[in-house]
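*Asks:* The residues making up each chain are set out below.
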Amino acid sequence: MSETIYEIKNLQKYYEINLGLFKKPKIIKALNGISFDVKRGEVLSLVGESGCGKSTTAKLILKIEEPTGGEILFNGEDITKLQHHELEEYRKKVQIIFQDPYSSLNPRWKVGSIIGEPLKLNTNMRDIEIKERVLYLMEKVGMHPDWYERYPHQFSGGQRQRIGIARALALNPEIIVCDEPVSALDVSIQAQVLNLLLDLQDEFNLTYIFISHDLSVVEHISDRIVVMYFGDIVELKSVDDLFKNPEADYTKKLLSAIPTIKD
Amino acid sequence: MENLLEFIKQYKKNRAAVVGFIVVVLLLLTAIFAPIVAPYSPNIQNLADRLIPPMWDAKGVSSHILGTDDFGRDLFSRIIFGSRISLMVGAISVGVSLSFGLIMGIVAAYFGGKTDLFIMRIVDIMLSIPAILLAIVIVSILGPSLFSAMTAIGIVGIPTYARIVRSSVLAEREKEYVIASRINGSSNFRLMFVVILPNCASPIIVQATMGFASAVLEAAGLSFLGLGAQPPTPEWGAMLSDSLQFITTAPWMIFYPGLAIFLTVLSFNLMGDGLMDVLDPKLKDK
Amino acid sequence: MKNLLEVKNLKTFFYSDAGVNKAVNDVSFEIPKGKTVCIVGESGSGKSITSLSILRLIDHPGVIEGGEVILDGKDLLKLSDAQMRKIRGREISMIFQEPMTSLNPSYTVGYQIDEALRLHQKHLNKKQRFEKVVESLDLVGIPDPREKYREYPFKLSGGQRQRVMIAIAMACEPKLLIADEPTTALDVTIQAQVLDLMKELQDKKGTSILFITHDLGVVYQIADEVVVMYKGHIVEKASAQELFKDPRHPYTKALLHSIPIPGVTPRKSKLDTVDDDVDYLSFPKEIR
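Chains as they are written, first to last, in this note's numbering: chain A, 1 to 263; chain B, 1001 to 1286; chain C, 2001 to 2288.
Worth double-checking, as some hints may not be accurate.
To be verified - EDC-like cross-link-like pairs, simulated, lysine to aspartate or glutamate; straight-line CA separation at most 20 Å:
id, chain 1, residue 1, chain 2, residue 2
1, A, Lys9, A, Asp100
2, A, Lys140, C, Asp2187
3, B, Lys1009, C, Asp2275
4, C, Lys2268, A, Glu180
5, A, Lys29, A, Glu49
6, A, Lys252, C, Glu2200
7, A, Lys59, B, Glu1174
8, C, Lys2268, A, Asp202
9, C, Lys2270, A, Asp100
10, A, Lys26, A, Glu16
11, C, Lys2285, C, Asp2017
12, A, Lys81, A, Asp100
13, C, Lys2268, A, Asp240
14, C, Lys2270, A, Glu66
15, C, Lys2268, A, Asp223
16, C, Lys2175, C, Glu2200
17, B, Lys1175, A, Asp100
18, C, Lys2268, A, Glu42
19, A, Lys110, B, Glu1006
20, C, Lys2155, A, Glu49
21, C, Lys2268, A, Asp100
22, A, Lys110, B, Asp1273
23, C, Lys2268, A, Asp214
24, C, Lys2033, C, Glu2065
25, B, Lys1012, C, Asp2187
26, C, Lys2270, A, Asp223
If you're looking for bench data, these hints aren't it; they were derived computationally from the structure.
Construct the entire structure; sequences and hints are all you get.
*Replies:* Here's what the structure looks like:
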């Protein structure tokens, strides 16, 4: 197993906005050709403010959208060229945890179905086996087995996030993309979920790509940080390095803007 | 199912809606048990007993509660059997409108782009055709019958469902739970019908309930014009039109079928209102 | 009188079939003139309801069940609706979290600021109002205020919209500005700018600020006094300095420990969290 899971080379994503019949479409450069790598077992954070391209990067890695240019190599293979069976295999290895605990779970499905869906669609497991695995996952994320039959609206934000985490673990992925997983949560719940994520990483040998705008959180859990600004990577450093010796102006601006408590 | 209990609790708050629901259930039971409830068969003529008024009138008899019509047929029994027809008309028309409308709406909203434009233009064209005109066209092709009436009403109702379903699906389509299912490998079909559609159920249910009422009314109207049910079918609208000539001499022949239409339409609408009140706020999650 | 506003034993309850929700349950605190008081708490603490109660913006099924809110010697809870309307926007104004929805998308930015002036400064004529609007836009740091007057909200960024909100709120030079999580939805760098702006306005105009937030980092930046709320009660009250140096109530401590502080909290360590099983209300309230 190689040390590098992802090699991202010159990744570009442009969006075209149609301005009407007689005008040329406007081009929005969400990603301007960024390059970075992700090492196995690390927590790599993408930070930046709105419009920087961190969410777009996540979408491209998860194949929710296709890049306009550049390569994404997963264990050496270009994922943009994957076909059917290989695509299925890829999907099992890379999962996502969403930001909004309220819209990321199907309101009409029971918790058990939500967590079990990846298994139903991607494996040949029998229903009983799926249920067993779902209950196992629920226990791992600190959920009571009774909750299997309940609906999302019966839970709080933090609990729903746990459901989302259980779902992400279902297929035993190697990588989990965490898209602002704690931004919508209360501070105390945020701490619980972060603790959980760290525990799970240890237990299941996960690699996280962690997207956030909250530098305090990022500092706490990351190994390396990628700072993004309007589609470009401004700086890529280990956590210690970034906080002690920020080089780019934008990084310095970002660090000084964090409202933190200096005891 | 605690969801259902909560739903019932909320629904009960609206007294009118509860009344509506009860009447609808009674209607359903009447239709199902018509042969038992009705004292006579609806089409038996008894020319000796023509035009007898309802039993509380001086000239009425106890054996015909609401009197008889010009062929001596028991009005009460005809109205009872008429409920079967009205319910069938409602169910089938709504069924047709809903099935086609739903498919059109989902496909348009899910695929977007040119598919959406194309389907919605068809919907626009359908909306511009008045029901009566369409009914006349269909009737001239198929001949006047209840079947033609139901077809016309069904077709005319399609755009409403298409639009409702489309806007619901558009709203849900971008939500993260849909993306989650998509990433997990869900096929387009599954995304449309298993993932998204259950979340669009509420407005469809409300519309179907209200639509039932208007279908009944429209069928009565078409039958009244002679374009729908043909004699001797005891359809309420047809009964109205047959009885117009007796409006001064035997007003009960018009009043009671009219009352039946009125009560049916009203109770479905009240039920629909009640459903709307309960289902809508629940849509606002959090 | 060094206190601009005094809240005494405020109670606001919400009634539903499920029972009574005592959202604000016997809350008392003071807002000194020209100072910033922060109410910190998580969801369900009652912090937003407290601010809405001060402005009497509580509607069915909520009811303000008791207490006093004293502004300049008057109890706001006893005023008539008409009298209260004169207070809102003029003596006390409020800004909210979502700049996207708190501005009316159908009217220009200038019109909306002008509206505040038309309601509360009727003695000004059109030209005078125009100049005042331009002045407020300038005051909040919007470039080219004369041109921006005619812009619609959708053309502005989140940070600019929030500035416009502040301009509307400050147009009539209120004595108290209530800000309910005004920077939560903004990017970190924009947040810093907006907080600086608010401090600047406070210095210039002597406005008191009641700032509601869940972010202790923000509290550290701008608060003079801090009120910590939990499930409708105040569990700790102190000056900002005292609170951060010596937090006393277990809930306050738990809250502080659940936030990772770069350079202080050991990286990847388990964060102490607020314990669901602990009844924080059983501990004595720490009022300093």
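*Asks:* Could you run down the list of hints and mark each one as holding or not?
*Replies:* Verification of the hints:
no.	hint	result
1	Lys9(A) <-> Asp100(A)	violated, 30 Å
2	Lys140(A) <-> Asp2187(C)	violated, 34 Å
3	Lys1009(B) <-> Asp2275(C)	violated, 35 Å
4	Lys2268(C) <-> Glu180(A)	holds, 17 Å
5	Lys29(A) <-> Glu49(A)	holds, 15 Å
6	Lys252(A) <-> Glu2200(C)	violated, 23 Å
7	Lys59(A) <-> Glu1174(B)	holds, 14 Å
8	Lys2268(C) <-> Asp202(A)	holds, 11 Å
9	Lys2270(C) <-> Asp100(A)	violated, 24 Å
10	Lys26(A) <-> Glu16(A)	holds, 6 Å
11	Lys2285(C) <-> Asp2017(C)	violated, 31 Å
12	Lys81(A) <-> Asp100(A)	violated, 31 Å
13	Lys2268(C) <-> Asp240(A)	holds, 13 Å
14	Lys2270(C) <-> Glu66(A)	violated, 37 Å
15	Lys2268(C) <-> Asp223(A)	holds, 9 Å
16	Lys2175(C) <-> Glu2200(C)	holds, 15 Å
17	Lys1175(B) <-> Asp100(A)	holds, 10 Å
18	Lys2268(C) <-> Glu42(A)	holds, 12 Å
19	Lys110(A) <-> Glu1006(B)	holds, 17 Å
20	Lys2155(C) <-> Glu49(A)	holds, 19 Å
21	Lys2268(C) <-> Asp100(A)	violated, 24 Å
22	Lys110(A) <-> Asp1273(B)	violated, 28 Å
23	Lys2268(C) <-> Asp214(A)	holds, 15 Å
24	Lys2033(C) <-> Glu2065(C)	violated, 27 Å
25	Lys1012(B) <-> Asp2187(C)	violated, 46 Å
26	Lys2270(C) <-> Asp223(A)	holds, 16 Å
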